[in-house]
Each structure stands twice: as C-alpha cells, then as structure tokens.
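**Q** Residues per chain are reported as follows:
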Amino acid sequence: MATVLKQFIRDAFEETTTGNRSYHIWMGVLTALMCLGAYSYSVQLRAGLAVTGMHDHVSWGLYISNFTFLVGVAAAAVVLVLPAYVLDDVDFGRAVLMGEAVAVSAVIMAISFVVVDVGGPARLWHAIPGIGLLNWPQSMLAWDIIVLNGYLVMNFCIPLYILLAHYQGRQPDKRRYVPFVMLSIFWAVSLHLVTAFLYAGLASRPYWNNALMGPRFLATAFAAGPALMILILEVIRRKTDFDVGDATIHKLSLVVTVAAQISVIMLLSELFKEFYFPTHHSLSAQYLYFGLDGKASLKPFIWLSVGMVLMATLVLTLHPLRKRVGWRNTACVLLFLGILLEKGLGTIIPGFIPEPWGRIDEYVPTWIELTVSLGIWALGAFVFTVLAKAAIPIELGRKRFIA
Amino acid sequence: MKPDLFPILNNIAPPQECCSKPSGAKQLLDRPMDRRTAAGVMAGALVAGMGLLSTSCSITASASEKEQAHLDWEAIFQGNYRLMTEDEKKNTVERLQRSHELHTGKTVRVSAAEPKEKVLYGYAFNVSKCRGYMDCVRACTKENNQDRASDMKYIRIHEHAKGEMNFEHAQDDFFHEVPAAGHFYMGTQCFHCQNPPCVPVCPVGATWMEPDGIVVVDYDWCIGCRYCMAACPYDARRFNWAEPQVPEQEVNPNQHYLGNRPRKKGVVEKCTFCIQRSRDGRNPACVEACPTGARVFGNLLDPDSEIRWILANKKVFRLKEDLGTEPKFWYYMD
Numbered sequence: 001m002a003t004v005l006k007q008f009i010r011d012a013f014e015e016t017t018t019g020n021r022s023y024h025i026w027m028g029v030l031t032a033l034m035c036l037g038a039y040s041y042s043v044q045l046r047a048g049l050a051v052t053g054m055h056d057h058v059s060w061g062l063y064i065s066n067f068t069f070l071v072g073v074a075a076a077a078v079v080l081v082l083p084a085y086v087l088d089d090v091d092f093g094r095a096v097l098m099g100e101a102v103a104v105s106a107v108i109m110a111i112s113f114v115v116v117d118v119g120g121p122a123r124l125w126h127a128i129p130g131i132g133l134l135n136w137p138q139s140m141l142a143w144d145i146i147v148l149n150g151y152l153v154m155n156f157c158i159p160l161y162i163l164l165a166h167y168q169g170r171q172p173d174k175r176r177y178v179p180f181v182m183l184s185i186f187w188a189v190s191l192h193l194v195t196a197f198l199y200a201g202l203a204s205r206p207y208w209n210n211a212l213m214g215p216r217f218l219a220t221a222f223a224a225g226p227a228l229m230i231l232i233l234e235v236i237r238r239k240t241d242f243d244v245g246d247a248t249i250h251k252l253s254l255v256v257t258v259a260a261q262i263s264v265i266m267l268l269s270e271l272f273k274e275f276y277f278p279t280h281h282s283l284s285a286q287y288l289y290f291g292l293d294g295k296a297s298l299k300p301f302i303w304l305s306v307g308m309v310l311m312a313t314l315v316l317t318l319h320p321l322r323k324r325v326g327w328r329n330t331a332c333v334l335l336f337l338g339i340l341l342e343k344g345l346g347t348i349i350p351g352f353i354p355e356p357w358g359r360i361d362e363y364v365p366t367w368i369e370l371t372v373s374l375g376i377w378a379l380g381a382f383v384f385t386v387l388a389k390a391a392i393p394i395e396l397g398r399k400r401f402i403a
Numbered sequence: 404m405k406p407d408l409f410p411i412l413n414n415i416a417p418p419q420e421c422c423s424k425p426s427g428a429k430q431l432l433d434r435p436m437d438r439r440t441a442a443g444v445m446a447g448a449l450v451a452g453m454g455l456l457s458t459s460c461s462i463t464a465s466a467s468e469k470e471q472a473h474l475d476w477e478a479i480f481q482g483n484y485r486l487m488t489e490d491e492k493k494n495t496v497e498r499l500q501r502s503h504e505l506h507t508g509k510t511v512r513v514s515a516a517e518p519k520e521k522v523l524y525g526y527a528f529n530v531s532k533c534r535g536y537m538d539c540v541r542a543c544t545k546e547n548n549q550d551r552a553s554d555m556k557y558i559r560i561h562e563h564a565k566g567e568m569n570f571e572h573a574q575d576d577f578f579h580e581v582p583a584a585g586h587f588y589m590g591t592q593c594f595h596c597q598n599p600p601c602v603p604v605c606p607v608g609a610t611w612m613e614p615d616g617i618v619v620v621d622y623d624w625c626i627g628c629r630y631c632m633a634a635c636p637y638d639a640r641r642f643n644w645a646e647p648q649v650p651e652q653e654v655n656p657n658q659h660y661l662g663n664r665p666r667k668k669g670v671v672e673k674c675t676f677c678i679q680r681s682r683d684g685r686n687p688a689c690v691e692a693c694p695t696g697a698r699v700f701g702n703l704l705d706p707d708s709e710i711r712w713i714l715a716n717k718k719v720f721r722l723k724e725d726l727g728t729e730p731k732f733w734y735y736m737d
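Protein chains in written order, with this note's numbering: chain Y, 1 to 403; chain Z, 404 to 737.
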C-alpha cells in the first residue's frame, strides 16, 4: 500500500506540475491572486479588523457572507453523489469525482473565510475539544465547526479511495465506501441547515429569525451549486478528453431548474410576508429593497440579483432554451452570480441594519476585504484545479500503478 | 416577596454548566507530564512560542526581557478562566499584574474576587430624572479602560421626542444643550439578562453569567468570532477592531480579571456592572457619576435594598420583554 501511495503522490505531483501554456498561465494568475490576498491578510493581522468595513453595528460582512454562500456550494455536491453512488446512475458517475472536488474546494474556502474573519486566529485552538472547549451542543457555531470539518474529511477520503482503486486498475469495494457516501448525503443537507440555523436561531435579528431561512438556503444552494458544476464540466470537456456526456449535463440542468423555481417561490413568499403589512420586523427588508432614511447602498445589488435569478429561471424553465448550450450556460452564469449577490449582500448584511435600537449604520467592504476574499476564491480554484488535474488521467485510464 | 411581582426572581436557575471536565491548555499542562511534551500538543501556538522561547533562553536579553518572554509564553497556554481552580486564578492574575509592571513600570491590582453568596445584581433607570448629561458615559469609559481611539462606549443615551418611545426615531448622537425642550432621555447598556441570548452562542464558552447575575467575557479565551454581538438584541457588546489605546496615565489601576483589565485587539467586551467595584460593595461608576440620581443599582435578593423598593412601589418596565431575555434592568418613572 505504501508503494502505491508513494507512486500515486509522485504521479499526481508530476501531473499537476505539467501542462500546456494556458494551464500555467491559469495557475500563475491564481498564485498571484493568492499572494495578493495573503499580503492583504497580513495587513489585517497587524492592524486588526479595523481595516475592514465592519463595525460594532455591522459586525459580520463580506467574509461571513462568502462563507454562507460557499457552504451552499459545498452542500450541492450531494446532487451528484446521491444518484451516482446509490442509484448507480452511470450518467452522474463520471461527474461525481468533479462534484466532490468542488465540495472539497468550497469547504476549504468556507473554512478560510471563517479563519480570516475571527479576531484571534492564534486562539482558534480554544475550539478543539480536549485542549480547548467546544461549546457543543449549545452553540450553532460549534455544530458548524463539526459539520464543516467532517464534510471536508469525507469528501476528501471517499474520492481518494475510489481513485486509488482505479489507479490500481480494480473496482472499488462498494461495501467499504457506500456507508460513508450515505453519511455524507445526510451530512451535506445538515451542513447547510446548520449554517442557516446559525442565523435563524437569533431572536435579536428578525430578518434572520425566520423558519424559511433553512429551506431557502437549501433551494438556492441546489440551484447555484449544480449551476457552477455545469459550467465547470463544460470547461473540462472542452479543455481535456474527459467528457461527462450530454446526458449528465441535461440531468444536472434539470436539477438547477427545479431548485431555481422553488427558490423563486420562496423569495416571493418572503417578499409577501415582509411587505403586505410591514411591521417593525420588516425594516431590514425595507432597507434592503428600497432603502431607509435615504440610505440604500444594497438596493442596486439586490435588484440586480433578483433580475438575474428571474431571468435565469425563465430561460431554464423553457425546454428549447435550456437544451441549447449557449442559453444554458448564460443562464447558469446569471443564476450563480445572482445567488452569490443575494447570499453575499442580501442575506447577512441587512440582518444587522438597522441595528437593535434602529440606527442605520451602513457597511461598505474595504479593499483589504475584497482582496482577501479574492485570494480565498483563487485558493479554491487552485485546489479544485489540482484535484481535477490529478484525477482526470486516472479516470481516463492513462495513469496506472506499475508494480 | 410576591412571586407574581418579580417573576424573574423565581426563574433564577443555577448558571448552565457547559462542561464538567477540565479543559484548556493550562489544565492540560498541569497533568503529570513535563512542559515540553505538553507544548508539543499545541502545534498552533508553537510558531509564536518559539520566538518567545528563544528570547527566554538568550544570553543577550536582560533579566526582565526574559521574564516577560516567559510570562508571554505562559499566557499562550492559559486556560478558560471559568474552569480554573482557585490557585490557577491566583497565578493568572499575579502574572497579569507582573506583566503590566514589566511593560509599563506601573503597578495595577487585578482582582479575582468571587461572587458573594445570596447576591443577584439588578439595575433600575429613572426615565423622569435622566436629563441626558452623559456623565455616566464618561465615567464608564474612564473606569473601564475603554479604547479612546475609537471612543468606545458601553452606554448609549437615546433622546426621545415627547409623545412616543420609538427608538428608531430617537437620537443617540446629539450635540446640543441638554435637556432639549420637548425631549426625554433613556440610557441603554448591557441589561445582564437572566436568560442571556449571547451566552449559549459562544462556540468556545468564553462568555457566561456569573452566579451574582453579571454576564462576563474571558478576554483571553475569546476568539473574536462576534457571534455574541449578532445574538444580542440590545447592542450591548463591543469589539476591539484595533489594538485598544488608553494613555498610560489614564489607566484605572483598580482592575478585575473579568472586568476592566486592559483588553487586546480582536476580542469582545461589554459592561460588567463594574465588577471590580460591585464585588467590592461599591456602586458601578455610572451610578456614582449620575448627577440626577436616575440610576439605581443593588442586590435583588436583599428585600431591604433600594432596587427592591423600586420594583415593589414603582410601575416598572423592561425593553423587548417579548424576547424572553429577562433583563435585570428596569425602567420606571416618578
């Protein structure tokens, strides 16, 4: 086993460090962005979170918003996992390793966004049970720490086991990995629900304290996540010989469509509740969609987001349009960006505005936050590229273990 | 005591136990193993620690530098205050005192005074008497060594126009002569809820309610995630977005571990009913500073206390009672 692993790592290293010119440019750009993010983070570490746009009244900003969105992307890997492993759907079978690579990258990004958000990253060991004190089960954040790390380990180990089997030219033993697959399906749904409960459990923030929070998180995640998958799979089939086939893409786009439709219905019911008879508890929604006291920094973004999601849902709902590559890909881009905007700016930030006694103190992210966030996104893209680049030749049967 | 008059007094439950087994690096270090072995477990802190270690072993560093490095090294592995034994608490505050002395040449007294038996603190605010002078705000900042650079305040004074009590329409950043005609004033701060929503959310148990009802933060255990700030419905918590600045000559040397000792950047802090004073049998600084007598502080379990007289004889109310947080902070009018 040790020699297999050794050769596997050597092959993977060789595979990820060789490639054509565009591959090297891509990785070079990502590395540069990561360096930029690391520099900005070093500034933040020295000066404190004062260099961000956050303040006592909007105490979570771009970092936690990105974290929330990425947890959803990670959870959406289950869309591929469920039919492929359980129902033995070969269509999804080829795409599933890519799905899990996306999940791993998204979880790494989500964890990074939490780490850059805390005031004392050097004290994070306080959350490690045994040497620290994890306030579980009271704190939803403690739950989130557990599910995030568990999900990361599972989505790393399951595909690794399968890849290693393929690498040795044999079929993986179902009895060994299917139980973990079942667990990870359950885990993915709870991952996103737990993150929604983190907000929904706070009576202090009426905008979040809402039973639809969890379901709407799931619906948008199952739209944005697979939409991203479709785009990634389209790129991979164009850039490499690894072709998942049209059938998989069509099935995925159907998942995206249904999830997008459900999320639009949920958006409508939320808007109805907030605006049919606006109360004190609707102030955040009023601020978000129309502005309050002449302050409306989020208004253009949320309407842009609503427009993008509605447009994409319409395109995807019409069968002839969804079946055309150009339309489908455009709709996926719109949907992904629309949900990113909605989760990024329209979910976390308005929960803090107005603050508990009614002041409207707005939030504008600084360059430090933007560049750190960009660096983390580059890290995610880098991790995904490495994982996919190493896995594809094995899946295609080009790289094999030679005893 | 009439049960229906003071529902809160009947709801006093012992503080939630979040954990029973000892934890924290300090506790780990106290196990029968040598320091080096234990330190090996703390991989995350090693990088920072090695620098300090090299200073403490250096032959060029002075004795006080070495001592400082040794104290800083110990601080990295400090456990959760709530789980410390009496001895550990004593050692910790002694280390903090010595560290402050080495840094500034001045001595401070860091107390680790425990809550007194049969004491539950409560607060009452007389809306009729407050005239918006803000002496309480200034006294609070001075007493509690708050960051001067960001002008951090625990207390907010809201100016309401007469005829309504909608906080959204109130002003808390007024700059004019007070009391302004046609207006009245209300102060908000941490209400030390008996059912505090900020406490269970903390992922590392760095904040809790003491047996005498004061909600406190262990500044050295807080990781700065700010979940408690999101959970508080009263805007009671403050975060140190940068390294707090307090001019050395203005530092209040009379400190408590859970109270006004200097904080560091990246941690949450809040009103502690001036724990360094109240556990000494004194009133909080805001009560002492108020020129109109609008602020009353006392022991809710003492039937002869002024606060109990107010609860029994005035028409009192609390803010956002519908949330079930059971604030120990009442408003009343003459």
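Hints listed in this document are in silico derivations from the structure and should not be mistaken for laboratory results.
Hints should not be assumed to be uniformly reliable.
Straight-line alpha carbon distances no greater than 27 Å define the calculated DSS-like cross-link-like pairs of lysine-lysine that follow [claimed, not checked]: (1) Z/Lys469 - Z/Lys565; (2) Z/Lys668 - Y/Lys295; (3) Z/Lys469 - Z/Lys717; (4) Y/Lys389 - Y/Lys174; (5) Z/Lys556 - Y/Lys295; (6) Z/Lys556 - Z/Lys509; (7) Z/Lys509 - Z/Lys493; (8) Z/Lys556 - Y/Lys273; (9) Z/Lys519 - Z/Lys532; (10) Z/Lys718 - Z/Lys532; (11) Z/Lys509 - Z/Lys668; (12) Z/Lys493 - Y/Lys295.
Where chain Z lies over chain Y, by a calculated footprint (3+ residues, C-beta under 8 Å) [unchecked claim]: (13) 127-138; (14) 147-156; (15) 331-343.
Don't be surprised by glycine CBs; every beta carbon is placed ideally from N, CA and C.
**Q** Could you run down the list of hints and mark each one as holding or not?
**A** Tested hints:
A C-alpha spacing of about 62 Å is found between lysine 469 of chain Z and lysine 565 of chain Z, which places the hinted pair above 27 Å, so the restraint is violated. For the given pair, lysine 668 of chain Z sits about 30 Å from lysine 295 of chain Y by alpha-carbon distance, which is inconsistent with the 27 Å threshold. Of the pairs offered as hints, the one joining lysine 469 of chain Z and lysine 717 of chain Z is violated, with about 59 Å between alpha carbons and a cut-off of 27 Å exceeded. Taking the CA atoms of lysine 389 of chain Y and lysine 174 of chain Y, the gap is about 25 Å. The hint holds against a cut of 27 Å.
A C-alpha spacing of about 25 Å is found between lysine 556 of chain Z and lysine 295 of chain Y, which places the hinted pair at or below 27 Å, so the restraint holds. For the proposed pair lysine 556 of chain Z and lysine 509 of chain Z, the alpha carbon gap of about 26 Å is at most 27 Å, so the pair holds. Between the alpha carbons of lysine 509 of chain Z and lysine 493 of chain Z the distance comes to roughly 20 Å, so the proposed pair stays at or under 27 Å and holds. Taken as a hint, the lysine 556 of chain Z and lysine 273 of chain Y pair is broken in the structure, with Cα atoms around 36 Å apart against an allowance of 27 Å.
Simply put, lysine 519 of chain Z and lysine 532 of chain Z have alpha-carbon atoms about 31 Å apart, too far for the 27 Å limit, and the pair is violated. Among the hinted pairs, lysine 718 of chain Z with lysine 532 of chain Z is consistent with the structure: their alpha-carbon atoms are about 15 Å apart, no more than 27 Å. Of the pairs offered as hints, the one joining lysine 509 of chain Z and lysine 668 of chain Z holds, with about 22 Å between alpha carbons and a cut-off of 27 Å not exceeded. Only pairs whose Cα atoms come within 27 Å are accepted, and lysine 493 of chain Z paired with lysine 295 of chain Y is rejected, the gap being roughly 51 Å.
Only when three residues or more bring their CB closer than 8 Å to a CB of chain Z does the claim for the segment 127-138 of chain Y stand; here the count is 9, and the claim holds. Figure legend: the segment 147-156 of chain Y, annotated as covered by chain Z; annotation inconsistent (0 residues with Cβ-Cβ distances under 8 Å, at least 3 required). Chain Z is given as covering the segment 331-343 of chain Y, and this is violated because 0 residues of the stretch bring a CB closer than 8 Å to a CB of that chain, at least three being needed.
Violated hints, listed in ascending order, are 1, 2, 3, 8, 9, 12, 14 and 15; each of the other numbered hints is respected by the structure.
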